[in-house]
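Protein chains: 2
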Amino acid sequence: MTDDNSNNGVTIMGAGLVGSLLSLYLAKHNYKVDIYERRNDLRQNYREYGRSINLALSDRGWKALEGVGIADEIRKVAIPMYGRMMHDLQGQLSYQPYGKDNQAIYSVSRGGLNVTLMDLVDQNPNINLHFNQQCLQADLVAGELEMLDTQNQEKHTIKTQRLFGADGAYSMVRYALQKTERYEYSQSYLEYGYKELRIAPGPNGEWALEKNALHIWPRGSYMMIALPNLDGSFTGTLFFPYEGDVSFNSLQTEADLKDFFGKIFPDALPLMPDLVADFFENPTGSLVTIKCFPWSLGDKAVLLGDAAHAIVPFYGQGMNAGFEDCTVLNQLIDEHPDDWQTIFRMFQELRKPNTDAMAELAVQNFIEMRDLVANPRFLLRKKIEGKINAQFPDKWLPLYTMVTYTHLPYSVALETGQHQDKIMKKLMKHIKQESDYDKPEVQQLVQKLLA
Amino acid sequence: MTDDNSNNGVTIMGAGLVGSLLSLYLAKHNYKVDIYERRNDLRQNYREYGRSINLALSDRGWKALEGVGIADEIRKVAIPMYGRMMHDLQGQLSYQPYGKDNQAIYSVSRGGLNVTLMDLVDQNPNINLHFNQQCLQADLVAGELEMLDTQNQEKHTIKTQRLFGADGAYSMVRYALQKTERYEYSQSYLEYGYKELRIAPGPNGEWALEKNALHIWPRGSYMMIALPNLDGSFTGTLFFPYEGDVSFNSLQTEADLKDFFGKIFPDALPLMPDLVADFFENPTGSLVTIKCFPWSLGDKAVLLGDAAHAIVPFYGQGMNAGFEDCTVLNQLIDEHPDDWQTIFRMFQELRKPNTDAMAELAVQNFIEMRDLVANPRFLLRKKIEGKINAQFPDKWLPLYTMVTYTHLPYSVALETGQHQDKIMKKLMKHIKQESDYDKPEVQQLVQKLLA
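As they're listed, the protein sequences go chains A and B.
With UniProt numbering, the residue at position 213 of the first sequence is 213, and numbering never jumps.
With UniProt numbering, the residue at position 182 of the second sequence is 182, and numbering never jumps.
Worth double-checking, as some hints may not be accurate.
[What the hints assert, rightly or not] Below, simulated DSSO-like cross-link-like pairs (lysine-lysine); rule was C-alpha separation at most 30 Å, straight line:
1) A:K352 with B:K352
2) A:K179 with B:K448
3) B:K395 with B:K383
4) B:K291 with A:K179
5) A:K179 with B:K159
6) A:K300 with A:K28
7) B:K422 with A:K429
8) A:K426 with B:K352
9) A:K422 with B:K422
10) B:K28 with B:K76
11) B:K426 with A:K422
12) B:K300 with A:K179
13) A:K425 with B:K425
14) A:K425 with B:K426
15) B:K155 with A:K179
16) A:K383 with A:K100
17) B:K100 with B:K429
18) A:K291 with B:K179
19) A:K426 with B:K425
20) A:K300 with B:K179
21) B:K425 with A:K422
22) A:K155 with B:K155
23) B:K448 with A:K352
24) B:K383 with B:K448
25) B:K352 with A:K291
26) B:K179 with A:K195
27) A:K439 with A:K395
28) B:K179 with A:K155
29) B:K195 with A:K179
30) B:K179 with A:K352
31) A:K425 with B:K422
32) A:K426 with B:K100
33) A:K159 with B:K179
34) A:K291 with B:K291
35) B:K195 with A:K429
[Claimed, not checked] Every beta carbon over 10 Å from chain A, so not counted as near; a handful from chain B, in silico:
36) P80
37) L93
38) T401
I should point out that these hints are in silico values taken from the structure, not numbers from a laboratory.
For every residue, glycine included, the Cβ atom is placed at its ideal position computed from N, Cα and C.
Here chain A stands alone, though its shape is the one from the complex (with noise of 0.2 Å):
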């Protein structure tokens, strides 16, 4: 097997969400393009794939759908999340808007949205598709990937000249890359795992839970969280520490189980008949953060996406932040056609200080999700922020606001979140109540420190 050679070939590690959609955007620019995929097509056995069910679409993802011509068809399928609802102790509910009007974020369903952009891609006639094909070592220089066809075992070496590593955290593209000279790389992991547990739609089908709202447990040091599904289920996530005294290593038995889940996710128990089974045989998944530069050599190969830059999921952005890859190495393309040294050097450039900022700001909203947010001032804080943006539109958009509804450099978004993170803590000061904001000496200090 070897693809094409000529001048307009290319080859993409990986078929998943980023490595799909590139693809379509390559196969735009009239690229023939090879997708390798390590597994089976899931279209043809549809189950997941140990990975989280489902996703929280947003502003940056719907950009680069629309740039291919499939955001309306993915629209019909997801399902708008206006806001947090927070669950406590009790099953008491309180709710926290994830922005203004009709802003939301989207939970789709990750192997819908990866069965759709796979049929894209099978109707493009750019795009050859091959599918059980496990990259096992690639020089990156000669452009030759040594292949296992995982379901004869057998080994073959395909030729590439332009090779894009879209093949996720554990990217085999990157793993070439990493034996280059004073190669830049880390690799960091929570001391949390995951595990998905379901919750079961009412007794006629209806959404046991509110539909539109993004739930969470929030617990202190751990939290649950669910997405809603077309079903009317709902995917919870258990984010959960691996070790200590209340930890995936504590809860052993079915008993241990249903007694803590009992006294600390009391609402939700009885909305999961399958906790047990869930608990005790899904996996459990790690929380990494990876990092590395460069990401590409010469005009040779590039990584994106998760091979690139994997982050831990609370800020809902890990596949936006893949799927914006994609809308920059389009723009790119379109400004330097087909000098890809170029293209490759600026797209990394660009990005890099973007995915680091999104890295962090990753690992910090754990914080917000899993604590702060059942802390009664922090949820004052984010109403008077969302006052100051009413007053202020053109000087404040609260930072979840640039992360998810604009397409602000993830970068700058940090910079500004931190600056208005200083200026939140100075007027807090002066408010005791929501209506403490409209005082004139809070206005007049409002004024000032936006001055």
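Could you slot chain B onto chain A? The hints should help.
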């Protein structure tokens, strides 16, 4: 080939400085030690191995050597350096002592020190030294090491129940640990390389520069340093950008090189008869910081020295930190005889925060050496710090002193140094010249700041 599999058999990978010293400590505890070294016996064919030719031994290193009774022997061939001698663009000198009285760091030959250690190892009936043995792969759980005899190119397997990885920055033992789940790992390179350049003795074999100093040619964004050797020569090291207007990449011809040295290191150039050959033929070394965790796997294996915490050389603490690892491990073996699980766990918990701190200090010191030491205000500040130290010896040790002349944990040195930095910034606002320190209002401020 198999090593001793009785209860007191242990294996060390690497017979460099740390591996050799460690073997002496383990032999003292009556363990039977096998050391495997990738290279040949450097005593048979005495040459340097590309790494820096001399090292600055300071108190942490001396203590570890004293523990195996060889400090006195090394002291005979060590040259004390009592301070820094700065050379400006006109060849003018300025001097800054490293401490008070007789405090010094000691220039020793890396090769000479290693030979001395290996001779001791050879004389020790509890230690077996195996040369030309490259570890290809390690199964830490099974305790199986796949080795290559680099002389006959034959592979063989050795069994071990206790493995000590002292095999340097590119450690194979660490590489095996890296494959365990959720492993914390980072490698980061400076955008500078280093090149060793010889400064010749004078016509009568005398030292052509002040013998008892570490010489620095600080040039802002880069520098050259030189340490004395016993034969009247100095080993110069140029720390220089890889790329850019003034860089290894920009100096491509003999004429470029001589022109550059004539302008930038005018007093050194006449003392460097081998400059052209040295510059174009010696390898360019890279400057890596490696951090990882954990350092051990149960009671099976542990990392020490550069394998666990490679740092940049600017504080002269790389070897000293590795030797201090031996001191700490030795204490733990005393306190928890044969309880290797506890020894390894406590070792990594005690050492990791300290070697992380040292890594940070080492990077910071590059800026001090290449730039700040050329700044009169900085040198004045160092003098004032010396005065504070003399006046309040119980309350104030300069950072350099804590790192170099004490056994305070590196992390304490770093924190205390940061605190003192804040104090010095406040104090220096009131000081224009050295004598200002004695003014009553300044003395009052010092008392207040130190309270």
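Now the hints, each set against the structure:
Of the pairs offered as hints, the one joining A:K352 and B:K352 holds, with about 29 Å between alpha carbons and a cut-off of 30 Å not exceeded. Restraint check: the Cα-Cα separation between A:K179 and B:K448 comes to about 54 Å, which exceeds 30 Å; the hinted pair is violated. Using a Cα cut-off of 30 Å, the hinted pair B:K395 and B:K383 holds, with the two alpha carbons roughly 17 Å apart. For the hint linking B:K291 to A:K179, the alpha-carbon distance of about 17 Å falls within 30 Å, and the restraint holds.
About 29 Å separates the Cα atoms of A:K179 and B:K159, which keeps this hinted pair within 30 Å; it holds. A hinted pair counts as satisfied when its Cα atoms are at most 30 Å apart, and A:K300 with A:K28 qualifies at roughly 20 Å. With a CA separation close to 27 Å, the supplied pair B:K422 and A:K429 stays within the 30 Å bound. A hinted pair counts as satisfied when its Cα atoms are at most 30 Å apart, and A:K426 with B:K352 does not qualify at roughly 37 Å.
At roughly 22 Å between alpha-carbon atoms, A:K422 and B:K422 fall within 30 Å of each other, so this suggested pair holds. Annotation: proposed proximity of B:K28 to B:K76 holds, straight-line Cα distance about 24 Å (limit 30 Å). A hinted pair counts as satisfied when its Cα atoms are at most 30 Å apart, and B:K426 with A:K422 qualifies at roughly 24 Å. Of the supplied pair hints, the one linking B:K300 and A:K179 holds, its CA atoms being roughly 28 Å apart against a limit of 30 Å.
A distance of roughly 27 Å separates the Cα atoms of A:K425 and B:K425; the hinted pair therefore holds under the 30 Å criterion. In summary, the hint linking A:K425 to B:K426 is supported, as the alpha carbons are separated by about 26 Å, within the 30 Å threshold. Restraint check for B:K155 and A:K179: satisfied, since their Cα atoms lie roughly 24 Å apart, inside the 30 Å limit. Restraint check for A:K383 and A:K100: satisfied, since their Cα atoms lie roughly 11 Å apart, inside the 30 Å limit.
In summary, the hint linking B:K100 to B:K429 is supported, as the alpha carbons are separated by about 25 Å, within the 30 Å threshold. For the hint linking A:K291 to B:K179, the alpha-carbon distance of about 17 Å falls within 30 Å, and the restraint holds. Proposed proximity of A:K426 and B:K425 is supported: the alpha carbons are some 26 Å apart, at most 30 Å. Proximity of A:K300 to B:K179 is assessed by CA-CA distance (about 28 Å); at most 30 Å being required, the pair is judged to hold.
With a C-alpha separation of about 24 Å, the suggested pairing of B:K425 with A:K422 holds against the 30 Å cut-off. Distance restraint check for A:K155 and B:K155: the Cα-Cα separation of roughly 25 Å lies within the 30 Å cut-off, and the hinted pair is therefore satisfied. Of the supplied pair hints, the one linking B:K448 and A:K352 is violated, its CA atoms being roughly 46 Å apart against a limit of 30 Å. Between B:K383 and B:K448 the alpha-carbon distance is near 20 Å, which keeps this suggested pair within the 30 Å criterion.
Our distance criterion of 30 Å between C-alpha atoms is met by B:K352 and A:K291, whose separation comes to about 21 Å. Restraint check for B:K179 and A:K195: the C-alpha separation of about 23 Å stays at or below 30 Å, so the hint holds. Simply put, A:K439 and A:K395 have alpha-carbon atoms about 20 Å apart, close enough for the 30 Å limit, and the pair holds. Proximity of B:K179 to A:K155 is assessed by CA-CA distance (about 24 Å); at most 30 Å being required, the pair is judged to hold.
Restraint check: the Cα-Cα separation between B:K195 and A:K179 comes to about 23 Å, which is no more than 30 Å; the hinted pair holds. The straight-line distance between the Cα atoms of B:K179 and A:K352 is roughly 26 Å, inside the 30 Å bound, and the hint therefore holds. Restraint check for A:K425 and B:K422: the C-alpha separation of about 24 Å stays at or below 30 Å, so the hint holds. A hinted pair counts as satisfied when its Cα atoms are at most 30 Å apart, and A:K426 with B:K100 does not qualify at roughly 47 Å.
Using a Cα cut-off of 30 Å, the hinted pair A:K159 and B:K179 holds, with the two alpha carbons roughly 29 Å apart. Distance hint between A:K291 and B:K291 is fulfilled; the C-alpha atoms sit about 14 Å from each other, no more than 30 Å. Proposed proximity of B:K195 and A:K429 is contradicted: the alpha carbons are some 56 Å apart, above 30 Å. Interface exclusion of B:P80 from chain A stands, the closest Cβ pair being 35 Å apart, more than 10 Å.
Non-interface status of B:L93 relative to chain A is upheld: no Cβ of that chain comes within 10 Å, the nearest being about 35 Å off. Even its closest Cβ contact with chain A, about 32 Å, leaves B:T401 beyond 10 Å, as expected for a residue assigned away from the interface.
When each numbered hint is compared with the structure, violations occur for hints 2, 8, 23, 32, 35.
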